[in-house]
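Asker: Below, each chain spelled out in residue letters.
There are 2 protein chains.
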Amino acid sequence: MSNITSILKQHYLFSSMSDEDLVKIAEKSEMFDLKKQESIFFQGDEANNFYYIVDGQVSLARSSPNGQEKIIEIIKKNEIFAEALIFMPQKAHYPVSACSLEKCTIIKLKNKLLKEILNDSHKTSMAILLNMAIKLHALLDEIDSLTLHGASYRLVSFLLHQIPKNNIKNNKENETANIKLDIAKNIIASRLSIKPETLSRSISSLSKRGLIKIDGKHIVINNKKSLQEYLFNN
Amino acid sequence: MSNITSILKQHYLFSSMSDEDLVKIAEKSEMFDLKKQESIFFQGDEANNFYYIVDGQVSLARSSPNGQEKIIEIIKKNEIFAEALIFMPQKAHYPVSACSLEKCTIIKLKNKLLKEILNDSHKTSMAILLNMAIKLHALLDEIDSLTLHGASYRLVSFLLHQIPKNNIKNNKENETANIKLDIAKNIIASRLSIKPETLSRSISSLSKRGLIKIDGKHIVINNKKSLQEYLFNN
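Residue numbers (the working numbering), protein chains in the order written: chain A, 1 to 234; chain B, 1 to 234.
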């Protein structure tokens, strides 16, 4: 199996393909290196190829009528781009320009070939749909945990900022003592621009770790030091 | 067009379907309400249906051998779940249990029907692949911006924590004065567990907003107040 075949096999678009189809694709593909700021294709070019990034990052940018470029997306290592155009019924043109953001290694793949393989095999189409559905759920999950992560970080940062206001003497005892904050949850949510349901999940996640305690409508800080550690370890 | 048809049309799985197919699907579907903590299906049940959440949130959980439940994913309003099983070649069983996290309105859809539609029409399969590819890129983009957002928030929070150490007198002048921090970028990156490239993008995004300035290897804080405002507005 060639180098290209084994690289592509890692990606959800190719992982369910037969070895025979993969070899066919690899034979017509091309791996090449780019320096920083090299163009890969321009907006409006006929879309005959799609790309897999072996290493580096690529920006996809759209030009506005006044000639300004706006970066639409940054594609990273192990991701593909311009593959959506394969699934279009008619011939397509790239809606964006692609350019390397740093030194890159890229595999260029032929749209036509993948289109033929999908046309010939309902099984392959279904397998790709399955992989994409799994990937979509994984990404939704990642977004969920990033949102929660951000919310917890903000909440901890906010709570730490509140302490001195309630305890003017910042002696050593305060580092570990219980501090009951007189702030209702809905006030915190609106102050931190966090959705109430996200704040609730964030509070219960922090209280499961023993970092805070809920006492009616109020938040009790068990240990200032461990909250500060949370901030620097997350 | 029925209520269900017009709701489903918003989702990428159905948006490219013909009205005829959508009506066929809607006729065999069922919309119902759930209270908080009601079961939708159990792990191991035969997977005959998939679900669209009109309102509310649903948890997907897996039981471990010792009987403990672990939440794998939280599905939100306007999302579908258990649809990946449709694309499997053989009959499938749910790998998770689904339960309402709050009051929900849900549409239950028949796997068999969608499978038949995909079998009959290569065009529909391609259209769904296109929508999924577009959705995947949008999610990758969202993850990218959440990561950057989190990085900027951490960086600002970190920078604010550094100020008193460098300026013992915390008088009013310091609120607006330039403070040159003697910390190299690579130290900040490792301290905040942010990838160096994410930190670089975050620094340039904050400096574009005029919140910080880069002076060689060091970061200059232009205005403490505006940094604090950033923390509470983001």
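Keep in mind the hints are simulated off the structure, nothing from the lab. Quick caveat: nothing in here was measured; it's all calculated off a predicted structure. Careful: at least some of the hints might be erroneous.
No copy labels: a pair is met if it fits in one copy or bridges any two.
Claimed, not checked - For lysine to aspartate or glutamate, the following EDC-like pairs were computed, each having C-alpha atoms within a straight-line distance of at most 16 Å: (1) K123 - E20; (2) K77 - D141; (3) K35 - E142; (4) K195 - E27; (5) K36 - D55; (6) K110 - E46; (7) K224 - D45; (8) K225 - E46; (9) K135 - E79.
Asker: With reference to the structure, classify each hint as holding or not holding.
Answerer: A quick look at each hint next to the structure:
1. For the homomeric pair K123 and E20, the shortest alpha-carbon distance inside one copy (14 Å) is at most 16 Å, but the shortest distance between copies (24 Å) is not.
2. In this assembly of identical chains, the alpha carbons of K77 and D141 lie at most 16 Å apart only when taken from different copies (14 Å versus 20 Å within one copy).
3. For a Cα distance limit of 16 Å, the shortest separation of K35 from E142 qualifies neither inside one copy, at 31 Å, nor across copies, at 27 Å.
4. Within a single copy, K195 and E27 get their C-alpha atoms no closer than 51 Å, and across copies no closer than 35 Å, so neither meets the 16 Å cut-off.
5. For the identical chains of this complex, K36 and D55 are intra-copy neighbours only, at 12 Å inside a copy versus 46 Å across copies, given an alpha-carbon limit of 16 Å.
6. For the homomeric pair K110 and E46, the shortest alpha-carbon distance inside one copy (12 Å) is at most 16 Å, but the shortest distance between copies (40 Å) is not.
7. With identical chains, the CA atoms of K224 and D45 are never at most 16 Å apart, being 58 Å at best within one copy and 47 Å at best between copies.
8. Taking the shortest alpha-carbon separations for K225 and E46, neither the intra-copy value of 59 Å nor the inter-copy value of 50 Å comes in at or below 16 Å.
9. With identical chains, the CA atoms of K135 and E79 are at most 16 Å apart both within one copy (12 Å) and between copies (14 Å).
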